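Enquirer: Single-letter residue listing:
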Amino acid sequence: MPTLRDFQASFGASVRGASATGLGLIRENGIPLERRMDVYRNNVHASLIDALASAYPVVERLVGRDFFRAMALEFLRAHMPQNRTLTGFGGTGFGGELPEFLEDFGPASSLPYLGDVARVDRAWLTAYHGADYPAIDADALAQVAPEDLGELRFHLHPTVQFVTSRYPIWSIWRTNKEDEIPSGVDLTSGGETVCLLRPDAGVEVHLVNRGTAKLGEGLSRGLSLGAAFDAARLDDETFDLGNALHLFLSGGAFVRVVHEPFLGAT
Amino acid sequence: MTNYPAYRPNPIPTRAGVGLKPVHYAEILESKPLMGWFEVHPENYMGEGGSPHKYLDAIRRDYALSLHGVGMSLGGVDPLDGDHLARFKSLVDRYEPGLVSEHLAWATHDGDFMNDLFPLPLTQEALEVMCEHVDQMQATLNRQILVENPSTYLSLDDDVMSEPEFLHALATKTGCGLLLDVNNVYVSACNHGFDPIAYLDEIDARLIGEIHLAGHAVESIGDVELRIDDHGSQVCSDVWGLFERLIMRVGAKPTLIEWDTNIPAWAVLSHEAERAQMVLDQNDLILGRRHGDANFA
Numbered sequence: 001m002p003t004l005r006d007f008q009a010s011f012g013a014s015v016r017g018a019s020a021t022g023l024g025l026i027r028e029n030g031i032p033l034e035r036r037m038d039v040y041r042n043n044v045h046a047s048l049i050d051a052l053a054s055a056y057p058v059v060e061r062l063v064g065r066d067f068f069r070a071m072a073l074e075f076l077r078a079h080m081p082q083n084r085t086l087t088g089f090g091g092t093g094f095g096g097e098l099p100e101f102l103e104d105f106g107p108a109s110s111l112p113y114l115g116d117v118a119r120v121d122r123a124w125l126t127a128y129h130g131a132d133y134p135a136i137d138a139d140a141l142a143q144v145a146p147e148d149l150g151e152l153r154f155h156l157h158p159t160v161q162f163v164t165s166r167y168p169i170w171s172i173w174r175t176n177k178e179d180e181i182p183s184g185v186d187l188t189s190g191g192e193t194v195c196l197l198r199p200d201a202g203v204e205v206h207l208v209n210r211g212t213a214k215l216g217e218g219l220s221r222g223l224s225l226g227a228a229f230d231a232a233r234l235d236d237e238t239f240d241l242g243n244a245l246h247l248f249l250s251g252g253a254f255v256r257v258v259h260e261p262f263l264g265a266t
Numbered sequence: 267m268t269n270y271p272a273y274r275p276n277p278i279p280t281r282a283g284v285g286l287k288p289v290h291y292a293e294i295l296e297s298k299p300l301m302g303w304f305e306v307h308p309e310n311y312m313g314e315g316g317s318p319h320k321y322l323d324a325i326r327r328d329y330a331l332s333l334h335g336v337g338m339s340l341g342g343v344d345p346l347d348g349d350h351l352a353r354f355k356s357l358v359d360r361y362e363p364g365l366v367s368e369h370l371a372w373a374t375h376d377g378d379f380m381n382d383l384f385p386l387p388l389t390q391e392a393l394e395v396m397c398e399h400v401d402q403m404q405a406t407l408n409r410q411i412l413v414e415n416p417s418t419y420l421s422l423d424d425d426v427m428s429e430p431e432f433l434h435a436l437a438t439k440t441g442c443g444l445l446l447d448v449n450n451v452y453v454s455a456c457n458h459g460f461d462p463i464a465y466l467d468e469i470d471a472r473l474i475g476e477i478h479l480a481g482h483a484v485e486s487i488g489d490v491e492l493r494i495d496d497h498g499s500q501v502c503s504d505v506w507g508l509f510e511r512l513i514m515r516v517g518a519k520p521t522l523i524e525w526d527t528n529i530p531a532w533a534v535l536s537h538e539a540e541r542a543q544m545v546l547d548q549n550d551l552i553l554g555r556r557h558g559d560a561n562f563a
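As you go down the protein sequences, you meet chains A and B in turn. To convert, note that position 134 of the first sequence is 134 in our numbering; the numbers rise steadily by one, no gaps. Counting the second sequence from 1 gives a position; our numbering is that position plus 266.
Be aware that a few hints might be false.
[Stated by the list, open to error] What follows is a set of in silico ranges between Cβ atoms, one per label pair, in the way DEER data are often shown: (1) F460/B <-> F67/A: 37 to 47 Å; (2) Y270/B <-> D6/A: 52 to 62 Å; (3) N243/A <-> P345/B: 51 to 61 Å; (4) A292/B <-> G24/A: 47 to 57 Å; (5) T3/A <-> I552/B: 19 to 29 Å; (6) A471/B <-> G24/A: 33 to 43 Å; (7) A483/B <-> E74/A: 25 to 35 Å; (8) N42/A <-> A292/B: 28 to 38 Å.
Derived by calculation from the structure, the hints in this document are not laboratory data. Please read these numbers as outputs of a predicted model, since none were measured by experiment. Every residue, glycine too, gets a C-beta built ideally from N, C-alpha and C.
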């Protein structure tokens, strides 16, 4: 009789593709051992591929179900789940490495934007499961004297994310996520940046200009509003601060505003 | 063995319930259907926040809730995953479920989580591992858990006891209760050639805290059938028959319809629960008459 540890090691290896002969004596009862093991092999891989497909719905739509399943099986060779849950960990949980995997996946090389599409799917799921914090609204800024606005620093909601691509990533993602028949996207139309926000509990995916992304990234790094605005203006001279702040405030992007001089890193 | 007190707030009623699926959230909140209770896999609510918790909070306000774990790997030879156990506990603290359950199964290999319910050899060594892990889970949650019999596709010549014997020993040593999945008994009985009626008759009625019913798939291998527990269809007539017979013997128990793949419209799912409820009601009626309950005269 093998020890429980030996049995489980053989069984696990067999599920991952090894022969089942190391398992010890199995009651076959008219059904060959390998066919019995196939049920477990199929259960494991099908359930994990389904989980990846539900985490990356736009990637699956772009490449089709069969391609996605074959690709996912390759992905699983080196990226089995490390947590006992498949959801809720965003970029660090099961499937979090898929965008990078896709960029090196030869059969997908004709779709060079696929990794960035996967990044938007991943950001969407991260936002969907992200922690709950009450957001501040425009009233919180109304009491600040205009000359002090530049001093404000914001704590961003943990679900706020930006994805920037050399490709028209928002156009590709949106039409494949929402439209019954995806519309054509001109791949030469230039890069796009998306901003994910989660007012209340619904995830929103916005197309934003370079300046808005720069402002958000600056604020998330702890820059004051004035410094983040200067950086955004440098990058994008048509940048409009009012529009950007309206998007962030109505999208629940800020959980806290601090009005105090920055004393510098210590 | 530790005796954990019966869980008082928000108990699961002795009625039919269904597994809660996200596609049905909105309809349930709008129509507030008559439903005994809901069950969820805690693994699906281990994200930090957002929509899943928002809906579960709202549904929890109106209905009793059961947490049915699928990832604890109680039968795994390696120690339980402390992070997973801590997340499980925080869900128990937050949602105060009426019942908490897990499986007679294991699910890891070389640190990888395989997301399935693998079969245990029914040996003394496996019993000791299960007892240690059930003890640890109950002590961490400070409450009794129910352990469910899995569907299995292979069994070992090394088995030294039957599954009912194993489950009874586990319950005796740890004080856990049993979640008796009638469909799993039927699937395993067909796949291994044992008598499902004899299995069910062997289970001590006092240990049964919950019953599961579900549909399964049938796969033909040559001229032999293998039944696969996919929770993807209606409960089959053989399983309804076993359920009716079981309820006649053990009395009404909280009974859950599981439907996790090819998820149907809410009306189809709730109809399955109504059918289970009729079996529970029928039994109450018969017992009431037998006991001369005035309410049934």
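Enquirer: Quick one: which hint numbers does this structure break? Sort them smallest to largest.
Expert: 2, 5
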